[in-house]
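Number of protein chains: 2
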Amino acid sequence: MKLITPRKPQGFWELMPEEEIVFENMLSKIRKVFENNCFMPLDTPVAEYSEILLAKSGGEVDKEIYRFQKGNNDLCLRYDLTVPLARFVAMNENVLEFPFKRYQVGKVYRGERPQKGRFREFYQCDADIVGENLSITADAECIKLYEDTLGALNLNCYVKISNRKILAGFFEGIGAKNISDLMIIYDKMAKLSEEEIANMFIASGLTVAQVDQTFLLAKQNGDLEAIIAKVEKLSDNPTFLEGISDLKALNERLKYLKMDKKNYSFDLSIVRGHNYYTGTVFEAFIENSNLAIGGGGRYDNLCGNFTERKFQGVGMSIGITRLFDEIKDKFKTDENLVTQVGIVAFDETMLFALSLMTDLRNAKIRADIVGEGKSFKAKMKEANRRKLPYIIVLGEDEMKEKRYTIKDMRSSAQEKLSFDEIVKKLK
Amino acid sequence: MKLITPRKPQGFWELMPEEEIVFENMLSKIRKVFENNCFMPLDTPVAEYSEILLAKSGGEVDKEIYRFQKGNNDLCLRYDLTVPLARFVAMNENVLEFPFKRYQVGKVYRGERPQKGRFREFYQCDADIVGENLSITADAECIKLYEDTLGALNLNCYVKISNRKILAGFFEGIGAKNISDLMIIYDKMAKLSEEEIANMFIASGLTVAQVDQTFLLAKQNGDLEAIIAKVEKLSDNPTFLEGISDLKALNERLKYLKMDKKNYSFDLSIVRGHNYYTGTVFEAFIENSNLAIGGGGRYDNLCGNFTERKFQGVGMSIGITRLFDEIKDKFKTDENLVTQVGIVAFDETMLFALSLMTDLRNAKIRADIVGEGKSFKAKMKEANRRKLPYIIVLGEDEMKEKRYTIKDMRSSAQEKLSFDEIVKKLK
Numbered sequence: 001m002k003l004i005t006p007r008k009p010q011g012f013w014e015l016m017p018e019e020e021i022v023f024e025n026m027l028s029k030i031r032k033v034f035e036n037n038c039f040m041p042l043d044t045p046v047a048e049y050s051e052i053l054l055a056k057s058g059g060e061v062d063k064e065i066y067r068f069q070k071g072n073n074d075l076c077l078r079y080d081l082t083v084p085l086a087r088f089v090a091m092n093e094n095v096l097e098f099p100f101k102r103y104q105v106g107k108v109y110r111g112e113r114p115q116k117g118r119f120r121e122f123y124q125c126d127a128d129i130v131g132e133n134l135s136i137t138a139d140a141e142c143i144k145l146y147e148d149t150l151g152a153l154n155l156n157c158y159v160k161i162s163n164r165k166i167l168a169g170f171f172e173g174i175g176a177k178n179i180s181d182l183m184i185i186y187d188k189m190a191k192l193s194e195e196e197i198a199n200m201f202i203a204s205g206l207t208v209a210q211v212d213q214t215f216l217l218a219k220q221n222g223d224l225e226a227i228i229a230k231v232e233k234l235s236d237n238p239t240f241l242e243g244i245s246d247l248k249a250l251n252e253r254l255k256y257l258k259m260d261k262k263n264y265s266f267d268l269s270i271v272r273g274h275n276y277y278t279g280t281v282f283e284a285f286i287e288n289s290n291l292a293i294g295g296g297g298r299y300d301n302l303c304g305n306f307t308e309r310k311f312q313g314v315g316m317s318i319g320i321t322r323l324f325d326e327i328k329d330k331f332k333t334d335e336n337l338v339t340q341v342g343i344v345a346f347d348e349t350m351l352f353a354l355s356l357m358t359d360l361r362n363a364k365i366r367a368d369i370v371g372e373g374k375s376f377k378a379k380m381k382e383a384n385r386r387k388l389p390y391i392i393v394l395g396e397d398e399m400k401e402k403r404y405t406i407k408d409m410r411s412s413a414q415e416k417l418s419f420d421e422i423v424k425k426l427k
Numbered sequence: 001m002k003l004i005t006p007r008k009p010q011g012f013w014e015l016m017p018e019e020e021i022v023f024e025n026m027l028s029k030i031r032k033v034f035e036n037n038c039f040m041p042l043d044t045p046v047a048e049y050s051e052i053l054l055a056k057s058g059g060e061v062d063k064e065i066y067r068f069q070k071g072n073n074d075l076c077l078r079y080d081l082t083v084p085l086a087r088f089v090a091m092n093e094n095v096l097e098f099p100f101k102r103y104q105v106g107k108v109y110r111g112e113r114p115q116k117g118r119f120r121e122f123y124q125c126d127a128d129i130v131g132e133n134l135s136i137t138a139d140a141e142c143i144k145l146y147e148d149t150l151g152a153l154n155l156n157c158y159v160k161i162s163n164r165k166i167l168a169g170f171f172e173g174i175g176a177k178n179i180s181d182l183m184i185i186y187d188k189m190a191k192l193s194e195e196e197i198a199n200m201f202i203a204s205g206l207t208v209a210q211v212d213q214t215f216l217l218a219k220q221n222g223d224l225e226a227i228i229a230k231v232e233k234l235s236d237n238p239t240f241l242e243g244i245s246d247l248k249a250l251n252e253r254l255k256y257l258k259m260d261k262k263n264y265s266f267d268l269s270i271v272r273g274h275n276y277y278t279g280t281v282f283e284a285f286i287e288n289s290n291l292a293i294g295g296g297g298r299y300d301n302l303c304g305n306f307t308e309r310k311f312q313g314v315g316m317s318i319g320i321t322r323l324f325d326e327i328k329d330k331f332k333t334d335e336n337l338v339t340q341v342g343i344v345a346f347d348e349t350m351l352f353a354l355s356l357m358t359d360l361r362n363a364k365i366r367a368d369i370v371g372e373g374k375s376f377k378a379k380m381k382e383a384n385r386r387k388l389p390y391i392i393v394l395g396e397d398e399m400k401e402k403r404y405t406i407k408d409m410r411s412s413a414q415e416k417l418s419f420d421e422i423v424k425k426l427k
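Just so you know, the protein sequences line up as chains A and B, in that order. Under the numbering used here, the residues of the first sequence are numbered 1 to 427, in order. Under the numbering used here, the residues of the second sequence are numbered 1 to 427, in order.
No lab work stands behind these hints: they were computed from the structure. Just so you know, even glycine gets a beta-carbon here, dropped at the ideal spot from N, CA and C. Careful, some of the hints might be misleading.
To be verified - Here are the simulated PhoX-like cross-link-like pairs (lysine-lysine), alpha carbons at most 20 Å apart as the crow flies:
#1 B:Lys8 with A:Lys70
#2 A:Lys330 with A:Lys29
#3 A:Lys107 with B:Lys56
#4 A:Lys70 with B:Lys63
#5 B:Lys364 with A:Lys258
Stated by the list, open to error - Which bits of chain A does chain B cover? Going by a derived footprint, with three or more residues having C-beta under 8 Å, they are:
#6 12-19
#7 69-75
#8 302-311
#9 363-374
Unchecked claim - Partial list, computed: chain B residues near chain A (C-beta under 10 Å):
#10 Leu15
#11 Glu51
#12 Phe68
#13 Ala176
#14 Glu252
#15 Thr339
#16 Met350
#17 Ser355
#18 Met380
#19 Glu382
#20 Arg385
#21 Arg386
Build out the structure end to end from the sequences listed, making use of the hints.
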């Protein structure tokens with residue numbers, strides 16, 4: 001028979017089991033934080049009807065989308081977890097309790113050319129609060145989640161916060177018509193030179209004085225009161241003023257939620273690329289690093305394509321793949337090893353070894369037989385290859401005495417212990 | 001704007017969040033059992049190259065398969081977790097340690113007509129042991145997993161065990177040529193009458209005496225020694241005798257693994273439909289019910305399509321959807337409620353309430369604000385609708401005294417407690 005080369009689809013994420021354990025332990029810690037904050041889990045299908053997923057684009061297929069037909073069904077693999085959330089909320093608007101707090105960890109699909117750090121199938125991890133007339137507390141809760149989730153992984157977060165109403169209101173106040181174009185230019189400040197940005201603004205109709213004011217806005221970061229003192233005279237546009245008062249209220253709520261002041265600050269250069277954000281916006285980093293590990297914000301009309309009811313939403317997202325790359329080496333500890341102790345047994349002691357293994361497992365020690373049917377030398381080789389931290393060598397004497405020789409494979413130290421002593425040692 | 005009706009793809013599984021919590025807690029208990037038994041987690045892509053997934057069928061597309069093209073890639077959504085395991089093992093045969101014990105919980109896709117209890121997207125939960133020259137201990141470990149996983153859910157399992165070599169050897173011994181056809185007829189015994197089965201056997205070339213012997217085999221169940229006493233004279237075919245000696249060895253290993261004797265028995269009527277099983281086969285039920293919740297067995301050449309190396313495998317599978325239906329009502333307990341206590345606060349106490357909520361969450365109590373911005377009556381209504389077990393009504397007096405009125409929503413009993421007393425009460 002002709003063999004088929006075993007290959008995994010290019011750009012689809014797959015970890016080796018030793019890493020998968022670390023990844024799942026990380027996810028499990030994050031899930032616990034979400035639930036401790038009263039977010040409920042959701043698990044939507046990997047595929048959605050194309051008319052749902054492509055609603056935003058008016059049905060136009062993005063080249064990144066995986067789309068397929070089956071019978072009468074026209075389906076797409078989901079490219080994010082937000083559209084499925086909007087569909088779920090609209091579909092269940094009469095049975096859900098609002099505000100509805102949900103988190104979801106799931107795979108999403110983007111058929112782009114794979115490159116380092118970019119995947120076609122990868123995990124997203126989102127927490128959102130959805131409701132009619134959401135208070136600013138919801139925004140604060142989402143930001144606080146970075147402190148709690150990263151804290152659960154023994155990392156500190158750093159969140160930069162702004163509000164799109166300030167910039168939108170400022171542009172509105174100076175009579176600009178192409179506000180969303182101006183926001184896109186503004187969002188490029190980190191990547192382009194000041195001169196390039198200024199030229200783009202002027203080409204879009206701003207005066208030199210207005211460009212200067214825009215730069216003044218973009219440079220504000222740090223303490224909120226100092227920022228407000230510097231910018232509040234720039235505009236009396238009501239949206240602008242609302243943005244400022246939203247930030248004040250948010251700051252107050254973060255204080256009462258006891259978020260550590262060193263874990264966040266305000267930074268008016270933040271706008272977030274997505275045009276659907278309409279208020280609070282934020283980006284999260286690992287402390288003392290430029291490694292962005294997520295972001296989010298407030299959007300005014302989450303389910304607009306699917307229902308007349310106007311649901312607001314605020315959500316935070318964690319770039320779980322990037323976060324995993326950051327922590328995986330730190331987390332490769334004994335806690336994450338599957339097998340804690342290997343049992344090396346011989347023909348005469350193999351059946352007894354099965355019972356000893358069962359007793360250890362019942363005591364929540366992850367024990368396994370090493371190299372059944374192999375020679376002693378091969379068993380020891382296998383124990384080394386598997387990097388087992390401990391082994392029990394089970395001869396007939398040990399079986400009779402019920403005291404077992406346990407060997408620390410790193411130090412080579414050996415001792416003879418009773419069952420209870422072994423359990424105590426390995427716990 | 002024209003609204004799009006929010007619909008989820010038909011036959012794709014989606015739980016409401018209250019049920020999702022129960023489901024995930026169930027999965028988490030099962031995962032812990034697998035890991036306690038030294039199985040490693042694996043998470044393969046939802047899609048595989050079509051040539052991999054369709055290798056068995058020689059590339060012929062089953063009508064149940066979701067297949068799609070993207071650029072040069074021809075992909076299928078996986079229909080089980082076994083082919084991805086075979087691909088993974090063959091792809092990593094030089095880096096994996098064997099025996100390789102892995103478990104996987106993941107979604108699979110079968111585009112059949114949806115009906116009650118049948119889904120197009122649903123979860124499978126598999127544990128397999130793969131290696132060259134696997135000992136019968138591996139088979140015993142897989143069977144024992146039913147006792148441990150169901151035990152973790154406070155259920156008892158009942159496993160019926162056989163070995164296909166007995167039946168295959170018997171047919172071989174009487175000179176039958178069409179053994180796999182005969183096994184398919186044998187597998188239908190539970191569904192058809194004895195007369196119908198006998199006619200089918202005779203049409204396939206068996207004599208009346210051979211049909212009687214076949215029925216004798218099929219009726220054997222219970223204690224292994226009694227079964228062997230009744231059937232061992234039926235054949236001296238080496239495969240038949242190997243099947244009997246495999247069952248003896250398996251029985252011995254189950255005893256030393258301390259599997260409770262009331263949780264399993266031998267039953268020669270079990271064959272399992274799949275032709276790829278070549279030795280041990282088993283089906284698992286919930287005790288005192290005919291509800292099959294899984295099965296599995298031994299296969300001789302797992303990766304035959306992908307590598308020259310001959311890997312044996314033995315695996316068990318849990319029908320997680322069916323199991324969930326069985327346990328979900330029993331598991332809807334407080335443990336699974338997301339919000340343990342709601343805080344009803346007023347304008348004057350709202351900010352303080354945020355701090356109290358944070359302190360409770362830091363103490364691992366899932367606390368949430370109820371109905372921010374609503375009237376007192378509306379807040380109480382919301383607390384009822386959310387079925388919150390406890391609420392704290394936070395007035396200015398409570399805020400000053402630092403003693404809080406906590407109300408049991410089921411009994412309506414109220415008491416005034418300190419923060420520490422509340423934590424102790426809700427833990």
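Verification of the supplied hints:
no., hint, verdict
1, B:Lys8 with A:Lys70, "holds (15 Å)"
2, A:Lys330 with A:Lys29, "holds (15 Å)"
3, A:Lys107 with B:Lys56, "violated (27 Å)"
4, A:Lys70 with B:Lys63, "holds (9 Å)"
5, B:Lys364 with A:Lys258, "holds (15 Å)"
6, 12-19, "holds (count 7)"
7, 69-75, "holds (count 4)"
8, 302-311, "holds (count 6)"
9, 363-374, "holds (count 7)"
10, Leu15, "holds (7 Å)"
11, Glu51, "holds (6 Å)"
12, Phe68, "holds (3 Å)"
13, Ala176, "violated (25 Å)"
14, Glu252, "holds (7 Å)"
15, Thr339, "holds (5 Å)"
16, Met350, "holds (8 Å)"
17, Ser355, "holds (5 Å)"
18, Met380, "violated (14 Å)"
19, Glu382, "holds (7 Å)"
20, Arg385, "holds (6 Å)"
21, Arg386, "holds (5 Å)"
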